[in-house]
Structure formats: C-alpha cells, structure tokens
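Visitor: Here's the letter readout for the chains.
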Amino acid sequence: MMRLLVTRLLWGIPVLWLILTLTFFLLRAAPGGPFDQERELSPELTALIAEKYQLDQPLLAQYSSYLTATIQGDLGPSFQYSDYSVNQLIALGLPVSLKLGLYALCLALVLGVLLGMVAALYANKWPDLVAMLLAVIGISTPNFVIAPLLIVALAVNLGWLPVGGWSGGQWHYMVLPVLTLSLPYVAAIARLVRAGLLEVLNQPYIRTARAKGLSSFGVVFKHALRPALMPVVSYLGPAAVGLLTGSVVIEQIFGIPGLGRYFVQGALNRDYTLVLGVVLVIGLMMLLFNLLVDVLYRWLDPRVGRATNNRALS
Amino acid sequence: MKLKLGAGLLLVIALVVLIGPMFAAFDAETIHWDDMAVAPDAVYWMGTDVMGRDLFIRTLQGGRVSLMVGLLATMVSVFIGVSYGMLAGYMGASTDAIMMRTVDVLYALPFLFLVILLMAFFGQQLWLLFAAIGGYLWLDMARIVRGQTMALKAQEFVEAAHAIGQQKRAILVKHILPNLRGVVIVYATLTVPQVIMIESFLSFLGLGVQEPMTSWGALVNEGADNMDLAPWSLWFPALFLCLTLVGFNSVGDGLRDRWDPSMQKSK
Numbered sequence: 001m002m003r004l005l006v007t008r009l010l011w012g013i014p015v016l017w018l019i020l021t022l023t024f025f026l027l028r029a030a031p032g033g034p035f036d037q038e039r040e041l042s043p044e045l046t047a048l049i050a051e052k053y054q055l056d057q058p059l060l061a062q063y064s065s066y067l068t069a070t071i072q073g074d075l076g077p078s079f080q081y082s083d084y085s086v087n088q089l090i091a092l093g094l095p096v097s098l099k100l101g102l103y104a105l106c107l108a109l110v111l112g113v114l115l116g117m118v119a120a121l122y123a124n125k126w127p128d129l130v131a132m133l134l135a136v137i138g139i140s141t142p143n144f145v146i147a148p149l150l151i152v153a154l155a156v157n158l159g160w161l162p163v164g165g166w167s168g169g170q171w172h173y174m175v176l177p178v179l180t181l182s183l184p185y186v187a188a189i190a191r192l193v194r195a196g197l198l199e200v201l202n203q204p205y206i207r208t209a210r211a212k213g214l215s216s217f218g219v220v221f222k223h224a225l226r227p228a229l230m231p232v233v234s235y236l237g238p239a240a241v242g243l244l245t246g247s248v249v250i251e252q253i254f255g256i257p258g259l260g261r262y263f264v265q266g267a268l269n270r271d272y273t274l275v276l277g278v279v280l281v282i283g284l285m286m287l288l289f290n291l292l293v294d295v296l297y298r299w300l301d302p303r304v305g306r307a308t309n310n311r312a313l314s
Numbered sequence: 315m316k317l318k319l320g321a322g323l324l325l326v327i328a329l330v331v332l333i334g335p336m337f338a339a340f341d342a343e344t345i346h347w348d349d350m351a352v353a354p355d356a357v358y359w360m361g362t363d364v365m366g367r368d369l370f371i372r373t374l375q376g377g378r379v380s381l382m383v384g385l386l387a388t389m390v391s392v393f394i395g396v397s398y399g400m401l402a403g404y405m406g407a408s409t410d411a412i413m414m415r416t417v418d419v420l421y422a423l424p425f426l427f428l429v430i431l432l433m434a435f436f437g438q439q440l441w442l443l444f445a446a447i448g449g450y451l452w453l454d455m456a457r458i459v460r461g462q463t464m465a466l467k468a469q470e471f472v473e474a475a476h477a478i479g480q481q482k483r484a485i486l487v488k489h490i491l492p493n494l495r496g497v498v499i500v501y502a503t504l505t506v507p508q509v510i511m512i513e514s515f516l517s518f519l520g521l522g523v524q525e526p527m528t529s530w531g532a533l534v535n536e537g538a539d540n541m542d543l544a545p546w547s548l549w550f551p552a553l554f555l556c557l558t559l560v561g562f563n564s565v566g567d568g569l570r571d572r573w574d575p576s577m578q579k580s581k
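Chains C and Y supply the protein sequences, listed in that same order.
Just so you know, the first sequence maps onto residues 1 to 314 in the numbering used here.
Just so you know, the second sequence maps onto residues 315 to 581 in the numbering used here.
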C-alpha cells in the first residue's frame, strides 16, 4: 500500500507539470490579452501594466518564473480581480465547489444505491422497469436542462426555494444545485448497483443465506451489497471528475461563487494566472481523488492488489 | 427491446430533422417583428422565441448541427482510438507500456477544462469544436481496442497469418481490424451521445456553436434565459436533445448486451 501511494504521488508530478505547461502555452497562444478593453489605453499605461505583471519579459522567462513561484505555492496575482491573489480567490472558491460536489456525490450514492437495490430485488417487474426508465432519462438529460426545469417548478411557481445564489451556503440555497448536479450520477450508480447485485444474487452463498431463512432485504444488506458495490467504487473516480466539470455549469446557472465560475470568467477575460491556478487545483483534486478511490478499492477487495499484473489480460 | 425502441426513436428523430425543414413555412433567421414570443399555434408549430424567430425551423436546424457534430467528432475519436489501441495491443512489450502510460497520463488531465479554454480562445470555428471533442473522447476507445487486439493476437488465425509471412500492417488491417468491428460499433454508438452532450454543454456556456448557426445546446441556453417569457423555447430543443440522447444510449446499451463478450455474464 505504501508503495502504491508513493508511486502514484510521484506520477502526479509529471502530470501536474504537463497540465501547467499545456495550459500556460495555450493561454499565451490565444488571441487577445487580459487588458484589452473597448477603450484603447495609452502606450505608456500599457507598458506600465505589462511591467507590473511581467508581461514584457520573454515568454520562456515568464514560464520559468511562473513555474518556480508555483512550486513554492504562490500562484501569482489575479489580473482581473486586481486586489486579490489567485491563492486568495481559490481559497474562496474551492470550499464552495467542494461542498457542492461532495454533497452531490453523497446524495447520488444514497439515492443511486437505493434505486439500484429496488430494481435488482424486483428484477423485470414494474419497480425495476420504472427505476431503469428513470435511470435512462436521468443519464440522458443534461444538467443544464434539469436545472431550469427545477427552478421553474420549485423556485418560481411554488416559491419553496431560492432561484439562485449561495449566501454563505445556507441549506435552502444548496438544495437545487446539489440535486441538479447529482441526478445523472444517481442514474448511473443505480444501473451499476442493479447489474452488480443481479450478478451477486446468483452466487451459491446467497442461496445458502436465503435457505437459512433470511429475508430478501436481509440478504442484500448482509451479504450481497458489499461485493455488488465494487463497480460503484471504481466509478467514483470518473464520477468525481464529472461532478467537478458539471459544477462549472451549475455554478453558472445558480450564480454560485465557486471555482467553476472563476474558471469561465477567467477564461473569457484572459485572466492568465487565475485560469492556470484553477486548472492546476482541479488537476490536483482529480489526482488525489483517484488515488483515494484506488486505496478504497484495495481495502474493500484485497485480491485486487495482488492481481494487478493480470490486468493486462482483461 | 431496448435496441429496437432506441433505433426507432433515432430513426424518427433523424427523419424529422432531415425532412422536417422542407415543410417549414419560415426561414430560421427571419425576425417576425409582430410575433415575438408567440406560443405554439397553427402558424408557428413550436412557437417563436423572444426575438420573433420561428422555433420549428430553428429546432430542426439546430438538430442538424448537433447530430453532425456528434457524428463527425465520433469519427475523429474512433479513428484515433482504434489506430492507437490496435498499435499498442499488437506491438506489445515496451511500445505498449509507453503508449498506455501516455493514455494514463492523458486520463489524469482535466481535459474538458482544456477544451473549454480552447473554445473560449479560438472558438467560432466548427471544425475546432469536433476536433477538440473527438481528440478528447478517444481514450476509452483506445483502451478497449487494445484489450481486444491483445486477445485476438493470441488466436491461431493471427499466428497462422504471421507464419505464412504476412506483413504486420496486413495482419492488422486484414485480420485484426475486421474482428474489432463489434466492439468499435458498440462504443462508437455510446460515444455519440457523449459528444452531443459536450457540444451542447459548450454551446450552453456560449462557447460552442455561434450565431447565426445554432444547435440544441445553444437553443436550450436561449430558452433557459427566456423561460419566463417563452417557456416553449426551452421545451422543444430540450425534448429533442433528451430523446436523441435516450435513443443513442439505448441502442448502445442494447448492442453492448448483445455483442460485447465481457458483458455476457452480467445478463
């Protein structure tokens, strides 16, 4: 396990470097600069600004000084929010996005597992058909379609919840964004749980448990659920990535001050340092989360660690 | 059943999108100044948007763009994924190790964020849209094709071809490629809805298809903005988008249940 942790963390370094380099040069290759405005600035002012943000130096010098600063944990000043450093903006946005994503993930897990269990226990009967129909619709409906529909129904017409905003993360501001963000993952997890349970429920030890007089739900909770959840655990990695990207749209729609909004605003305003900082943080989150999922997987199924060499065959 | 329903749904949508515009009474860009935000009626079958444009023709033309981007980007991703996966799987040894490590690294990149950047900076070009999406979605295909190629390589008929002295390229093209057909078709079908979803996601953010051209994502975006004045401008594009995605997902799932050997067990 130690070896896994160390190798994976070491692997993370070139990955993060690649992300940084790709994004850096992509940003600089883009037409338009951070200080282009409708009104032309005087050449002296432009030169002053360029000097302040080191934009007057050669590209490679800028790259190496950015790289050095980043290694020391300093992501530089934001171009657009002139009173803030990128570190400060990320410290503001990251907790919001993480809260949104984690709540959505938890909701997706709880609802998805329940729905999948019902579907598997009533396989090919009407609860299964309804659950799977819901799952297909859930997977096929983008969250930016669900969001306006929920806003109209629950916020505008019924007036139960606010239309948007965050206001420090009070619960009633979070209900709609979390729900919208999680729905596609509820559907995907429900399908995985159903397929996993159906496979496990055919195993002889389940028949034994049933023969000993355990109820259907008892069998599922005591014996079948844990092995059936393995595919869900390996799905958590991609799901977390999807939640991070999904929250870009959700934050835009609901006006939530998270990382995704800074990212889109930064990209549109050519805020070089802000975009780089956000992409790096997201890359780091992805790496850490995938590592966490792998560790979890090995802990749940110790056979996996020993069988890694067989993976090439599958 | 899933397969037939999905295929039927897709056929209907394709026909409506392809043939429907011939029956349209209006142009997609004509602004009807006296008929802004009109609810669906006998004249405007899907109503008009807040600018007074006919939504029937806009929804169908947006559908053409969405479907075209979906198919073209899928072709890009299939081309890259299949050649890459086949090469890695067939060469094996250190070539395979390097190629698959590269895929692992690419998996770890926040790709969609890079695509967003790409579109934000160099947007407005349709070819870039599907090149970017196709260039992002080939990783799964490469992994699956590689696994399949390794399995095929171990079979007698490939060994026999090798023994009678056929070139590597001939073996790949004549013996391995035809046997990958099933897997490739299944995963290509499942890639199309992903592409359409990403395209509409980008268009929703205002980074995808640009005016005067439109797509379902762009229309959903406009519709969501004007939901209070003209809710139908959200309903129809959203409905078409979701039905198309349901169709592709059902067909892909159905085909996978039928063809993919690794899925046989779980049935």
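Since the hints were derived computationally from the structure, they do not count as laboratory data.
Model, not experiment: these values are computed from the prediction.
Heads up, some of the hints might be wrong.
To be verified - Subject to a maximum C-alpha distance of 25 Å in a straight line, what follows is the list of computed PhoX-like cross-link-like pairs (lysine-lysine):
{"no.": "1", "chain 1": "Y", "residue 1": "467", "chain 2": "C", "residue 2": "125"}
{"no.": "2", "chain 1": "C", "residue 1": "125", "chain 2": "C", "residue 2": "222"}
{"no.": "3", "chain 1": "Y", "residue 1": "467", "chain 2": "Y", "residue 2": "488"}
{"no.": "4", "chain 1": "Y", "residue 1": "467", "chain 2": "Y", "residue 2": "482"}
{"no.": "5", "chain 1": "C", "residue 1": "212", "chain 2": "C", "residue 2": "222"}
{"no.": "6", "chain 1": "Y", "residue 1": "488", "chain 2": "C", "residue 2": "125"}
Visitor: Next step is simple, just say for each hint if it's right about the structure.
Guide: Structure-based check of all given hints:
no.	hint	result
1	Y/467 x C/125	42 Å, violated
2	C/125 x C/222	23 Å, holds
3	Y/467 x Y/488	13 Å, holds
4	Y/467 x Y/482	11 Å, holds
5	C/212 x C/222	13 Å, holds
6	Y/488 x C/125	46 Å, violated
In summary, the structure is inconsistent with hints 1 and 6 from the numbered list given earlier, while agreeing with the others.
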